[in-house]
Amino acid sequence: MTNGGPAKAGHYVAGGHYGRYVGVAIILAMVIAAAAAPILAPNDPDQRFADLLYAPPTRVHVWDDGLRLPFIYRQQLVSRIERSFADDTHRRITFPGDPKHGAPVLLLGADSYGRDIFSRLLYGARVSLALALISALGAVILGAFIGGVAGYAGGRVDALLSRSTEFLLVLPMMYVVLVLRAVLPVVLGATAVFVLLTAIFVLLGWPIVARGTRALVAVEREREYVAAARAVGMSPARVLVRHLLPSTASYLGAQFSLLVPAFLLAEATLSYVGFGFPSDTATWGTMLEDAANILLVGDAPWLLAPAGAIFLAVLAINLVVQGSGRPPVQLAG
Amino acid sequence: MIRFLARRLIFCIVLTVLAASASLLLTRLAPGDLTVNLGPFATARDVAAARARFALDRPVALQWGDWLAHAVRFDFGESFLYNRPVAPLVIRAAGNTALLALAALILATALGLGLGIITGSRRGGVLAGAIRAGSMAAVSLPPLLMSLALLFIAARTGWLSLSGLTLPAIALALPIAASFERLQAAALQDQIGEPFVVAAAARGVAPRDVILRHAWPASLRSLTAIYGLAIGTLLSGSFVVEFVTAWPGLGRLMYDALRARDIYLVAGCAAVGAGLLSIGMLIGDLLLVFVDPRVRES
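For the protein sequence lines, the chains are A and B, in the order given. Its first residue numbered 1, the first sequence is counted upward by one per residue in this note's numbering. Its first residue numbered 334, the second sequence is counted upward by one per residue in this note's numbering.
One or more hints might be untrue.
Unchecked claim - Sample of chain B residues facing chain A (criterion: CB under 7 Å; computed from the structure):
# : residue
1 : Ile486
2 : Arg489
3 : Gly491
4 : Ser569
Hints in this document: simulated from the structure, not taken from any laboratory. Yeah, the Cβ is synthetic: ideal placement off N, Cα and C, and Gly gets one too.
All chains, full assembly: derive it from the sequences and hints.
See the structure below:
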């Protein structure tokens, strides 16, 4: 922070200011990978390779008596019970693999149905990231609007808002999400779940944003430029949208960056416990279901790949937040 | 101060009643009821008998009123799943959750504050840098990921026991410890710039004492304010940890109850859960009174 005054020590950040660029780069790469999933995914995310349940990652070779184009060997099942596999080194298969004949490239191994984890991660990113981003955006917009109105209008609206946010702030989010989700029909289609979870997340996210916005707007409306704007005949709505809300932009940005990881995790948790997306829909949360059997994961660590993806996303956001001078403290999760 | 605490107490009672009532009403109004657990071969008479036993055939308002009248005497009705009174079930589960949360909070406080004092009082250096990087990683590994990671390590190396309190407590504590470390470091840095700390240093007080006796106590105020909120985080996190590590707490019980639409068990869990939360918040308030003399006087 540069405006802390000369007497205050600066806040030191992990990884210096490069952390911020690393964070932005990771986020951009993830968003692009999600958008380009159909191009980047080596396999159909729903295709099941019956002989490759829990298969380890396919090794990609470039050397076989001389440098060659990237190629793989077909993985063959040795023992179904021990889940052991061996490479069929008789034939080289060039890189994109041959999924039609049971020789796919499995960059991160296969899951309990023999599906390609890497491809599912890419497609899952679309659902998980979109849900978190849309919900966070919705919560910030709704919160900014309601908080702005309350802060500008004051009086009863203001009192009611403050009381209700007090409740929501102390409630353990996960329980509230769980109850709200659980009282709805358990079996729903993927699209219905997406809409439903967005609605629940926005509903729980906006009051926190509104509370802060209200406080900022209540201070800002006493400033002279607001009085000037009113004096020249600007309508209250215009004053709010043109002058008061823009002054809260950096606060709203910070809230957004706190809500995205919170929602990303909420989806993962809900899907993990079976209250989220249907298990055949690829999301980072549903993919984690395979990681529930911990003794199995000990032998097949690639099943934790979705956990790694979530970690990377949260870390990237935290790096950006911290790089901009705010401690990445998350106490809303 | 008495008025402040009385207001908080009323807030907690309202919270508990609201949370329990809301979950009772929501479960009642949700599609399907606990008779779905009877299976496809249940006769109409069985279904009707079960509905009558759990007062599901009565109007919602009457059922709620009845439940509330009993609940104030700590009679939370019967559980369908366990075929037993709800009260002892939820109290035992709440005890387990409280144990887990308390262990995690103590661990997180000791680790977070200790490391935060180190990183907050040093500008650079290998140690402070390593702690900052570690806490950055831990803050990005919320309880869901942390418990999966620890389970994996335990299954792979056998360092941690797969059962017992240790693993879930560490999984819950580490992300919170990281948050505490960041907050403590920031709070300490804020105080180090203050005139009274500079004055102490100028008087020739040893650097260690400047930090520990002057700056640190003053930095505690902003940290205690966070404790009240940390209780909610702790409970949210404990749900996930309990689920992943099979710790028999409130989260797991409530999950099973919700799945089975076991209406009184859901309401009972919500009631004691809100009770736990209330106790945590009140302790947080008392702590604030204890640390900050200004709250005591107002």
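Checked hints:
Interface hint status for B/Ile486: violated, as the beta-carbon distance to the closest one in chain A is roughly 9 Å, over 7 Å. With a cut of 7 Å, the hint placing B/Arg489 at the interface with chain A holds, because the nearest CB-to-CB distance is about 5 Å. Taken as an interface hint, B/Gly491 does not check out: its beta carbon lies about 10 Å from the nearest beta carbon of chain A, beyond 7 Å. Proximity of B/Ser569 to chain A holds as hinted, the smallest CB-CB distance being about 4 Å (cut-off 7 Å).
Of the numbered hints given earlier, the model fails hints 1, 3; all others are met.
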